[in-house]
Amino acid sequence: MRQYRKSILFVSGNSPKMLQDAPVFGSDGIVLDLEEAVAPEEKDSARLLVKEALRFFDYSDMDVIVRINSLSSGFGEKDIELIARERPFALMVPKASAEQIAQIENKLDQVEKEEGIPAGSIKLIPVIETAYALQYVHQIVTSSPRITGAFLNAEGLTADFGMQRTKEGEEILYARSRVVVACRAEKLNAIDTPFMDSDDYEGLEKDCYKARNMGFTGKAAIDGRQIDTIHRFFS
Amino acid sequence: MKNAVGREIPEYIEGYGKVRPFMGAFANYGVRERASVRLRSVKPGEQKLLASIDEVVDKVNLKDGMTVSFHHHLRNGDYVLNLVMAAIAKRGLKDIHVAATGIFPIHEPLVEYMKKGIVTGISVNYISPGPVAKAITQGYLKNPARFMSHGGRPRAIESGDLHIDVAFIAAPEADAYGNINGVNGPAACGTLSYAIADSIYADKVVAVTDNLSPYPACPIDITQDFVDYVVVVDSIGDPNGIVSGTTKVTKDPVGLRIAKIAAQAIDAAGYIKNEMSFQTGAGGTSLAVAAEVRKIMKEKGVVGSFAAGGVTGYIVDMLNDGLFRNIFDVQCFDLKAVASYRDNPRHQAMSGSLYGNPHDKGAIVNNLDVMILGATEIDLDFNVNVVTGSDGTIMGASGGHNDTAAGAKLAMVVTNLTKGRLPVVKEKVTTVTTPGETIDVLVTERGIAVNPRRQDIQEKLVAAGLPVKSIEELKETAEKMTGKPEPIEFTDKIVAVVEYRDGTVIDVVRQPK
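Chains F and C, in that order, are what the protein sequence lines are. Here the working numbering is used: the first residue of the first sequence is 1, the next is one more, and so on. Here the working numbering is used: the first residue of the second sequence is 1001, the next is one more, and so on.
Don't take each hint at face value.
Said to hold, decoys possible - Okay, the calculated beta carbon distance ranges per label pair: (1) Ser1470(C) to Ser235(F): 43 to 49 Å; (2) Leu173(F) to Pro1345(C): 51 to 57 Å; (3) Asp1317(C) to Asp58(F): 48 to 54 Å; (4) Ser1470(C) to Gly116(F): 49 to 55 Å; (5) Asp44(F) to Lys1248(C): 54 to 60 Å; (6) Pro118(F) to Pro1452(C): 34 to 40 Å; (7) Asp61(F) to Lys1419(C): 22 to 28 Å.
For the record, the hints were derived by calculation from the structure and aren't laboratory data. Computed from a predicted model, the values in this text were never measured in an experiment. Think of the CB as a built atom: it goes at the ideal place given N, C-alpha and C, for glycine as much as any other residue.
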């Protein structure tokens, strides 16, 4: 399993300040986000900004993951074309399916060859955020040797189900269990969904406790303030 | 000539006078004399209550070239300075020296008075970024502004370096015979500490109040024996402007990261222990340091002797939680602090002189263990600038910065490594406010630098596994992100003289090109 097992910190791909500050919080991995955090009209500029950030900032102490847009969005291919050449540790794949993973893998094979990057060195992290992905999670996480773990995005999943998201997270109990089992069975990282209220430290602690006891290897964060708490629960 | 921090300063500055160069933070102690006071004694039966500011101006016999003083406890809500200066301007007086403890954007009318020659001199210990600071930078003030520290100003007054002709003291509550307090009334601001030296040493003292109470206006901060006249106005200040800008712990993740590292460093250096004393500012990151220190104090069961400074509700909570036995308060930053000062005898006021005067018989800063400081810039010699911004514009003054740095056993600067896309660590700061010999540690989000003078602290922080780097490394890290900024170009015109707390000149501010 890779370094990012305990924590990954999401950073908006269109925020220079956040891209600059991302390394200071001590997370195992950072996710430079081109998808949810970036409005459609800013996709192109964010992609360029992330490319420059990968070249310019010192992210040497952590795994750098870039959440690309899905291929079906029309932005995903451009993301891979530009970002993969900067050799991030991994690409995070939204709305994951085995089919999409296969397409991305083909594209990465091509880019790695063109750039002289060792084949298969850029890893993949599928995002489990749809009912389809949840149903086929084991198939997805075993669909490519590049996959090092999966990330459960409960916000996306509950939206897909039309469920109300709560701090207590009872509504995602089954999803959490299913993702953990699929990842643990394959000795992959299982990264839990972030706790969305970054001012609620007590709520975060409870959520971390729950996720750890369910078997997640780590947890995502949406705010640098959450990293220290996450690290107290995951090792 | 070059002073002890290597700054090239003239021997004489027009409009300021002969320069006494800064010789070192601890070079200027010894036997001192206080100025004598000229006063008019008051016969039984005489009345002090006057009808208007205009009548006051008549009574105190204000003339061209005089010095009038004001305190800044009402901060950006203060109406008194503007009321008095408007009356002075109406009389056609010229060449007035305004000796205010603080100047805020609300004092913008000063700019016109500067342009018209009504105000030709300003002495101040704290100045907010705003129109007056900008006008001084642009050279509208005839004589260079004189920047002092909170301890340096009362030192100057007590020694006779700064003579005040008339002190106008904004009084949230007063009686007709001149007893004053700051804790009652619509513009309650808490302590009146910065006005104490003015009240004792000015030739004339006028209490300006909007809350005249029956005699005696207890509790009394400034007593009647120091006050010549009392005048009632409609309002002395806007309560909304009295509360200091930032009085809550920051939520900024980087600020919190800095605070956490800072608290760990304070603990590793051995200062979080019973009887500790502590001071921090009112900024969000400074208060976050207090929050992190509070956690460690609770974990260790530590009870400190005192917290000091400008006081916020957060520090009051620490007092009430039993984490400190006492507070020494030079200014209340919010209404919770005002109420605590009024109601809790363990929450003590300290005058500006008691707070930081280097030439009294021992200021409170001498008893400080830990002081948390900010910085606009810090250089490789650990000199700190809190006066000028990245474009050379005046945006602050020492306040208590160089007083507390000199007194505290651990003077710690906490700051983001870059601000506004510029590095905070520079080879040489634009303006020296606080000499590096009094700064022990710099804490940023990307590491800690310890002044080489403090090897003892360096060893402890390294042993604790904290991210200790050289200040040169931090400068390189910052410049990798921001590039190296072009130096600011200045004209030869000196627009402000920066005095160290002992009255020597540590630097001058020149007008940017």
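Each hint tested on the structure:
In this structure the hint that Ser1470(C) and Ser235(F) lie 43 to 49 Å apart at CB is violated, the actual value being about 32 Å. Between Leu173(F) and Pro1345(C) the beta carbons are some 55 Å apart, a value that agrees with the proposed interval 51 to 57 Å. Distance hint check for Asp1317(C) and Asp58(F): the Cβ-Cβ separation is about 39 Å, which falls outside the suggested range of 48 to 54 Å. For Ser1470(C) paired with Gly116(F), a C-beta distance near 37 Å fails the hint of 49 to 55 Å.
The hinted window of 54 to 60 Å between Asp44(F) and Lys1248(C) is violated, with their beta carbons roughly 38 Å apart. In this structure, Pro118(F) and Pro1452(C) break the distance hint of 34 to 40 Å, their C-beta atoms being roughly 45 Å apart. Separation of Asp61(F) from Lys1419(C) is about 23 Å and conforms to the stated range, judged on CB atoms against 22 to 28 Å.
Hint compliance for this structure: hints 1, 3, 4, 5, 6 are broken, all remaining hints hold.
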